[in-house]
Amino acid sequence: GENVEQHPSTLSVQEGDSAVIKCTYSDSASNYFPWYKQELGKGPQLIIDIRSNVGEKKDQRIAVTLNKTAKHFSLHITETQPEDSAVYFCAAGFNAGGTSYGKLTFGQGTILTVHP
Amino acid sequence: GAVVSQHPSRVICKSGTSVKIECRSLDFQATTMFWYRQFPKQSLMLMATSNEGSKATYEQGVEKDKFLINHASLTLSTLTVTSAHPEDSSFYICSARQGKETQYFGPGTRLLVL
Chain A
9 GENVEQHPST
19 LSVQEGDSAV
29 IKCTYSDSAS
39 NYFPWYKQEL
49 GKGPQLIIDI
59 RSNVGEKKDQ
69 RIAVTLNKTA
79 KHFSLHITET
89 QPEDSAVYFC
99 AAGFNAGGTS
109 YGKLTFGQGT
119 ILTVHP
Chain B
15 GAVVSQHPSR
25 VICKSGTSVK
35 IECRSLDFQA
45 TTMFWYRQFP
55 KQSLMLMATS
65 NEGSKATYEQ
75 GVEKDKFLIN
85 HASLTLSTLT
95 VTSAHPEDSS
105 FYICSARQGK
115 ETQYFGPGTR
125 LLVL
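Sequences listed follow chains A and B, in order.
Just so we're aligned, residue 9 is where the first sequence starts under the numbering used here, counting upward by one.
Just so we're aligned, residue 15 is where the second sequence starts under the numbering used here, counting upward by one.
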């Protein structure tokens, strides 16, 4: 099955700096890569996603890059703010049909702390 | 984004009792919903995939007789933890799939079994 590795496990930055979180995946069949932000005691919130036919996607201060050859993808947050502090999860999924349709495998999570 | 709700948000029960958790997609129809469990400071672990009108598909190691899943309509899936024990205490989160891949998560249910 799919295996997703996420690094770093913790990341501390100063407000205004950039933050980068990296993930690698093992299954070359994976073609969908979402990123989720989870605040304490809440469910994960989708912040951006990318599909394998695209190399980069940007939404305001958030961007995601995908390297299919190397099987890794990254989340970039620019001009970080204290409210960006949360746990971030990457995930990989694929459309295999049947009972595996849309199934996601999550990385271990990164605790991001943005200091004012 | 799409909205997914869960009820209850928090539940405390005695060991040996059963607990039902509801997951609803509020503004879209979801043919597939997913149930996850998350222990403190850990990632989300998929328990089962719930398909409307058919039996759920459970991940390896998840007891289907202990975690009963029902997906009776396109907007509602339920997870029942039967004969709950303290080791079942966890954060249970559902998600609903919209379209081919995108999953939207509920706010989670904190279960504490005494």
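Hints may be right or wrong, so weigh each one.
Claimed, not checked - With a straight-line cut-off of 25 Å between C-alpha atoms, the simulated DSS-like cross-links for lysine-lysine are:
#1 76/A x 65/A
#2 76/A x 114/B
#3 30/A x 45/A
#4 50/A x 76/A
#5 45/A x 80/B
#6 69/B x 114/B
#7 45/A x 76/A
#8 114/B x 79/A
#9 79/A x 30/A
#10 69/B x 66/A
#11 114/B x 65/A
#12 45/A x 69/B
#13 50/A x 79/A
#14 69/B x 50/A
#15 69/B x 55/B
#16 80/B x 66/A
#17 65/A x 79/A
#18 30/A x 34/B
#19 114/B x 80/B
#20 76/A x 66/A
#21 79/A x 45/A
Claimed, not checked - Label pairs and their computed distance ranges (CB to CB):
#22 75/A x 27/B: 45 to 51 Å
#23 80/A x 28/B: 26 to 32 Å
#24 80/B x 34/A: 25 to 31 Å
#25 19/B x 124/A: 38 to 44 Å
#26 60/A x 128/B: 44 to 50 Å
#27 53/B x 28/A: 25 to 31 Å
#28 103/B x 78/A: 23 to 29 Å
#29 86/B x 24/A: 29 to 35 Å
#30 32/B x 61/A: 43 to 49 Å
#31 41/B x 24/A: 41 to 47 Å
These are calculated hints, taken from the structure and not from any lab test.
Here the structure is a predicted model, which is why all the values come from computation and not from measurement.
Glycine residues also receive a C-beta, built at the ideal position from the N, C-alpha and C atoms.
Each hint tested on the structure:
1. 76/A x 65/A: Status holds; Cα separation ~14 Å.
2. 76/A x 114/B: holds, 20 Å
3. 30/A x 45/A: The hint holds at about 14 Å.
4. 50/A x 76/A: Given pair residue 50/A, residue 76/A is violated - Cα atoms ~31 Å apart, limit 25 Å.
5. 45/A x 80/B: violated, 30 Å
6. 69/B x 114/B: holds, 20 Å
7. 45/A x 76/A: Holds, at roughly 23 Å.
8. 114/B x 79/A: holds, 21 Å
9. 79/A x 30/A: Holds, at about 11 Å.
10. 69/B x 66/A: Since the Cα atoms of residue 69/B and residue 66/A sit roughly 38 Å apart, the hinted pair is violated (cutoff 25 Å).
11. 114/B x 65/A: Within the cut-off at roughly 19 Å; holds.
12. 45/A x 69/B: violated, 30 Å
13. 50/A x 79/A: violated, 30 Å
14. 69/B x 50/A: Distance of about 28 Å is beyond 25 Å: violated.
15. 69/B x 55/B: Roughly 31 Å between the alpha carbons, so the hint for residue 69/B and residue 55/B is violated.
16. 80/B x 66/A: violated, 43 Å
17. 65/A x 79/A: holds, 16 Å
18. 30/A x 34/B: violated, 37 Å
19. 114/B x 80/B: violated, 29 Å
20. 76/A x 66/A: holds, 18 Å
21. 79/A x 45/A: holds, 22 Å
22. 75/A x 27/B: 45 to 51 Å: Distance hint for residue 75/A, residue 27/B holds at roughly 47 Å.
23. 80/A x 28/B: 26 to 32 Å: violated, 47 Å
24. 80/B x 34/A: 25 to 31 Å: holds, 30 Å
25. 19/B x 124/A: 38 to 44 Å: violated, 33 Å
26. 60/A x 128/B: 44 to 50 Å: holds, 46 Å
27. 53/B x 28/A: 25 to 31 Å: With a Cβ separation near 27 Å, residue 53/B and residue 28/A satisfy 25 to 31 Å, so the hint holds.
28. 103/B x 78/A: 23 to 29 Å: With Cβ atoms ~40 Å apart, the hint is violated.
29. 86/B x 24/A: 29 to 35 Å: violated, 50 Å
30. 32/B x 61/A: 43 to 49 Å: holds, 45 Å
31. 41/B x 24/A: 41 to 47 Å: violated, 36 Å
Hint compliance for this structure: hints 4, 5, 10, 12, 13, 14, 15, 16, 18, 19, 23, 25, 28, 29 and 31 are not met, and every other hint is.
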